[in-house]
Amino acid sequence: MENKLIVSVSPHLHKGESVKRIMWFVTASLVPAGIAGVYIFGLKALEVIVLGVVSALISEAVLQLLTKKKVSIFDGSAFLTGLLLAYNLPADVPFWLPIAGSFFAIAVAKHAFGGLGQNIFNPALAGRAFLMASWPKYMTSFVVPFSPDTVTCATPLAAIKESKLIEHISYLDLFLGKRGGCIGEVCIAALILGAVFLLWKGYISWHIPLSYIATTAIFTHIFGRQGSLSGDWLFSILNGGLILGAFFMATDYVTSPLTRKGQVVFGIGCGLLTFVIRAWGGYPEGVSYAILMMNAATPLIDRYTSNRIYGTKSL
Amino acid sequence: MKNLFNEFLKGIIKENPTFVLLLGLCPTLAVSVSMINGLSMGLAATFVILGSNLIISSIKRSIPDKIRIPCFIVVIATFVTIIELVMKAYSPALNRALGIYVPLIVVNCIVLGRAEAFASKQRVFNSLLDGLGMGIGFTLALVLISGIRESLGSGRLLGITIFKGFEPVLIFSMPSGALLIIGLLLGFFSLIKGKRS
Amino acid sequence: MNIAQFLTIFISSVFIYNVILSRFLGLCPFLAISKESKPALAMSLAVTFVIVMSSMITWVIYRFLLVPFNITYLRTIFFILVIATFVQLVEMVIRKISPAMYRFFGIYLALITTNCAVLGVAVMNIDMFFVKNKAVAGSFYFSLFQGFSVGVGFTLAMLLMSGIRERLEFCDVPESLRNFPIAFIIASIMSLAFMGFNGFRF
Numbered sequence: 028m029e030n031k032l033i034v035s036v037s038p039h040l041h042k043g044e045s046v047k048r049i050m051w052f053v054t055a056s057l058v059p060a061g062i063a064g065v066y067i068f069g070l071k072a073l074e075v076i077v078l079g080v081v082s083a084l085i086s087e088a089v090l091q092l093l094t095k096k097k098v099s100i101f102d103g104s105a106f107l108t109g110l111l112l113a114y115n116l117p118a119d120v121p122f123w124l125p126i127a128g129s130f131f132a133i134a135v136a137k138h139a140f141g142g143l144g145q146n147i148f149n150p151a152l153a154g155r156a157f158l159m160a161s162w163p164k165y166m167t168s169f170v171v172p173f174s175p176d177t178v179t180c181a182t183p184l185a186a187i188k189e190s191k192l193i194e195h196i197s198y199l200d201l202f203l204g205k206r207g208g209c210i211g212e213v214c215i216a217a218l219i220l221g222a223v224f225l226l227w228k229g230y231i232s233w234h235i236p237l238s239y240i241a242t243t244a245i246f247t248h249i250f251g252r253q254g255s256l257s258g259d260w261l262f263s264i265l266n267g268g269l270i271l272g273a274f275f276m277a278t279d280y281v282t283s284p285l286t287r288k289g290q291v292v293f294g295i296g297c298g299l300l301t302f303v304i305r306a307w308g309g310y311p312e313g314v315s316y317a318i319l320m321m322n323a324a325t326p327l328i329d330r331y332t333s334n335r336i337y338g339t340k341s342l
Numbered sequence: 283m284k285n286l287f288n289e290f291l292k293g294i295i296k297e298n299p300t301f302v303l304l305l306g307l308c309p310t311l312a313v314s315v316s317m318i319n320g321l322s323m324g325l326a327a328t329f330v331i332l333g334s335n336l337i338i339s340s341i342k343r344s345i346p347d348k349i350r351i352p353c354f355i356v357v358i359a360t361f362v363t364i365i366e367l368v369m370k371a372y373s374p375a376l377n378r379a380l381g382i383y384v385p386l387i388v389v390n391c392i393v394l395g396r397a398e399a400f401a402s403k404q405r406v407f408n409s410l411l412d413g414l415g416m417g418i419g420f421t422l423a424l425v426l427i428s429g430i431r432e433s434l435g436s437g438r439l440l441g442i443t444i445f446k447g448f449e450p451v452l453i454f455s456m457p458s459g460a461l462l463i464i465g466l467l468l469g470f471f472s473l474i475k476g477k478r479s
Numbered sequence: 420m421n422i423a424q425f426l427t428i429f430i431s432s433v434f435i436y437n438v439i440l441s442r443f444l445g446l447c448p449f450l451a452i453s454k455e456s457k458p459a460l461a462m463s464l465a466v467t468f469v470i471v472m473s474s475m476i477t478w479v480i481y482r483f484l485l486v487p488f489n490i491t492y493l494r495t496i497f498f499i500l501v502i503a504t505f506v507q508l509v510e511m512v513i514r515k516i517s518p519a520m521y522r523f524f525g526i527y528l529a530l531i532t533t534n535c536a537v538l539g540v541a542v543m544n545i546d547m548f549f550v551k552n553k554a555v556a557g558s559f560y561f562s563l564f565q566g567f568s569v570g571v572g573f574t575l576a577m578l579l580m581s582g583i584r585e586r587l588e589f590c591d592v593p594e595s596l597r598n599f600p601i602a603f604i605i606a607s608i609m610s611l612a613f614m615g616f617n618g619f620r621f
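Protein chains in written order, with my numbering: chain A, 28 to 342; chain B, 283 to 479; chain C, 420 to 621.
Hints in this document: simulated from the structure, not taken from any laboratory.
All clues stand as given, with none of them false.
Chain B regions said to be covered by chain A (calculated; three or more residues, Cβ under 8 angstroms):
| no. | segment |
| --- | --- |
| 1 | 441-452 |
| 2 | 455-463 |
Simulated crosslink set (DSS-like; lysine-lysine; CA at most 30 angstroms straight-line):
| no. | chain 1 | residue 1 | chain 2 | residue 2 |
| --- | --- | --- | --- | --- |
| 3 | B | 477 | B | 296 |
| 4 | B | 370 | C | 553 |
| 5 | C | 515 | B | 348 |
| 6 | B | 292 | B | 342 |
| 7 | C | 454 | B | 475 |
| 8 | A | 188 | A | 71 |
| 9 | C | 454 | A | 96 |
| 10 | C | 551 | B | 370 |
| 11 | B | 475 | A | 97 |
| 12 | B | 342 | B | 296 |
| 13 | A | 47 | A | 95 |
Simulated restraints on C-beta separations:
| no. | chain 1 | residue 1 | chain 2 | residue 2 | range |
| --- | --- | --- | --- | --- | --- |
| 14 | B | 476 | A | 47 | 28 to 38 angstroms |
| 15 | A | 81 | C | 556 | 52 to 62 angstroms |
| 16 | C | 424 | A | 58 | 43 to 53 angstroms |
| 17 | B | 378 | A | 250 | 35 to 45 angstroms |
| 18 | B | 356 | C | 556 | 27 to 37 angstroms |
| 19 | A | 261 | C | 507 | 53 to 63 angstroms |
| 20 | B | 476 | C | 490 | 45 to 55 angstroms |
Built from N, CA and C at the ideal position, the CB exists for glycine as well.
Sequences are here, hints too, so could you generate the full structure?
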């Protein structure tokens, strides 16, 4: 895929793309994962998704009124934020949890910085980190897949961290999403379907997802728990929020670097941090923290990887 | 008389060390997890400001100008050591809760700032009033921040449960919540200021 | 004394208990000098240098002066005087030997005396690596390394913050949140992100 940021010579033809269009396309690409999540965890998951989205839209409208901006809740960005936040929650959370998370995401992580296109941190992830810090007990109790009564279980990553023996889960189960986890992260098949769609349409490029996933996999393999080069890299890819994070959140235009080189650096950084947190951190999963940390580094990465203006010295 | 009263009052709102001058933020953020800690830190700092302002304004003529800062620091450090020892002796639990932030009152910019900007130039009585005002301003800011943090972060105030059936927002008892609260408070104050002018 | 201990000190000083984002030491320069990345880097290097040197000096003073003479209660006074003198000395030396370097970070040196991070680390070293006024094994190296790690944490936070604030120049931050309030909000979210390292065990 060629770099679409390069401005070609005139005539400039408008392709009909707009922020609004892109936002709704990304949202559409996330629908399969949502359907899978609801199928796996039941209607409670749907409730969380609806609450997350609706409260994100309301927060957006209220804050745009307060800051005297044009109310633009149908541009898809707040919808996407609410959706991604809900995808990052367990299915069995109290109703006010997605509401609080969406409000934090929209109010603090987005509008405090000036609104659409100006935020430094990915709002949905900031919202998730806020919830994780504030109410950890709700954020870490996961529902067993396909169980009508809500029995909680640990995610495979958490079970491994606590050195518990887990009954063997096949790679196929992991691929289809038959495991405990957040609503939108479990069904890898559905996520990949959406990701392929985005890649095909050219809305995301492969640089961040590939460098991110590859880095995590390689390091997991090298520093295995049973000696070097013994780590189960496929397990590390299929578990946790890696696929959801790498394709749908790390690739957010606003909070990731502009240049291809910068994007690869960003992806490698995310992958390394994810691996370190998973391997030695206190939390079982590090995807959201890794992306947030690299979000903070994005302005610096942009600065040092910016394309040199022809005829000038580099920065 | 009005002048004297102003010396006292300015530290509380108009030149509030925390919210207006943005001084002494380290202890403000670090110890404001609970109101009792915030209050104690405020009172301890007030004691140090009063003591150092008193001594420095009384001996200001005998301090050589070139080495005045080290001299101020020695005076301040003496009072800090006094409060540290008193706290260790009478309230070891509080001393543990405040930790390294008690010895760090030495480098609290409010204390040195008052010594340099006020006490080294003014009469003893004025300096005392100034120190008292600043100390109270600092204490009030600490009480406000720690009150918000304790009530939201644990649902209690001064250790007494005030919200029943409330799920504490743990983030507010963490560093991240402290930074958030002070950011939002500063924004709120500048909003009010902007509306007035 | 092994690699794991040093690694744990490093991760906890840089990320978990980041000197600025978690311990709130050195907030003044963090807010005042983080608007552009060049001065931010200069300040960070100066602070790191002073923290490392003062970690060593205060350790030696505590171990060979305050403990033998049983005057450990004078710790605060001694430390702050030593740090102030040392900073003054460095400033004089730099001004003499390299005016260019003095222009680069000389002005920040003067501010470092009252940078609570320096005294904070000195006190922390003593609290952590002395048990009942006896130096634990490897105490000196731990102190030195902790000083260095705290400096790295300070530098990291300063650089990230300065990059973000440079970019915010082009953003439409609400009027009342401009400058310090938004800086605190950024710091808050950074602190949230660094929480990912909580419970780190190597």
